[in-house]
Amino acid sequence: AQSVTQLDSQVPVFEEAPVELRCNYSSSVSVYLFWYVQYPNQGLQLLLKYLSGSTLVKGINGFEAEFNKSQTSFHLRKPSVHISDTAEYFCAVFYYPVAQKLVFGQGTRLTINP
Amino acid sequence: NAGVTQTPKFQVLKTGQSMTLQCAQDMNHEYMSWYRQDPGMGLRLIHYSVGAGITDQGEVPNGYNVSRSTTEDFPLRLLSAAPSQTSVYFCASSYTGGHTGELFFGEGSRLTVL
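Here the protein sequences come in this chain order: A and B.
Quick note on the numbering used here: the first sequence kicks off at 1 and runs consecutively.
Quick note on the numbering used here: the second sequence kicks off at 1 and runs consecutively.
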């Protein structure tokens, strides 16, 4: 079965510190990978995506993620976080052509402390 | 562009009542879907549609009905609300030509069932 695991439900960090949010997915031959961000009381916005090509992808707000096929991971990183990055982050995987739907992880709540 | 519009944003129901959550998109997307978001469980797919007249079940379809008579609209119906359906509901749409799974989300509808 297709599944996505976000290894940390909550991550507290200090402002200007680096952060990594971890995501692993069940193995499959073909996947597209996404990170979405949800600010308080809002819908989800696309942060970045991997479809093909370079395994290091850059997104909005200084975030980047690296696709590691051998470890079936897609970890999200930012070298220096800001208070405004406080949000919930969701990893999502599209398994193709087997399935035609996006599978989400459980979410990681990132809290930035001053 | 309005994108994906959901109404109402908030709703309180009594057990056994029925209601419809409305979803409309103006991006001419063929794919539309409904998710529910519950704490610690991420987003779970309720129903989805790959085009007008075509719908299918997701992970948690029980207690919900959908129909898709036009490309733009994808309403979600609760026939007899239960407290277990208290949740935040998100409608999302996507391209299907060269479908990658990337979704565009509405702002959500918060439903409380007493």
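Worth flagging that the hints you see were computed from the coordinates, not collected in a lab.
You may find that some hints are simply not true.
Said to hold, decoys possible - Mimicking DSSO-like on lysine-lysine, the simulated pairs with C-alpha atoms at most 30 angstroms apart in a straight line are: (1) A:101 to A:78; (2) A:101 to A:49; (3) A:58 to A:101; (4) A:78 to A:58; (5) B:9 to A:49; (6) A:101 to B:9.
Keep in mind it's a predicted model, so treat the numbers as computed, not measured.
Taking the numbered hints from earlier one at a time, note which ones the structure violates and give those numbers from smallest to largest.
Of the numbered hints given earlier, the structure breaks none, since each of them holds.
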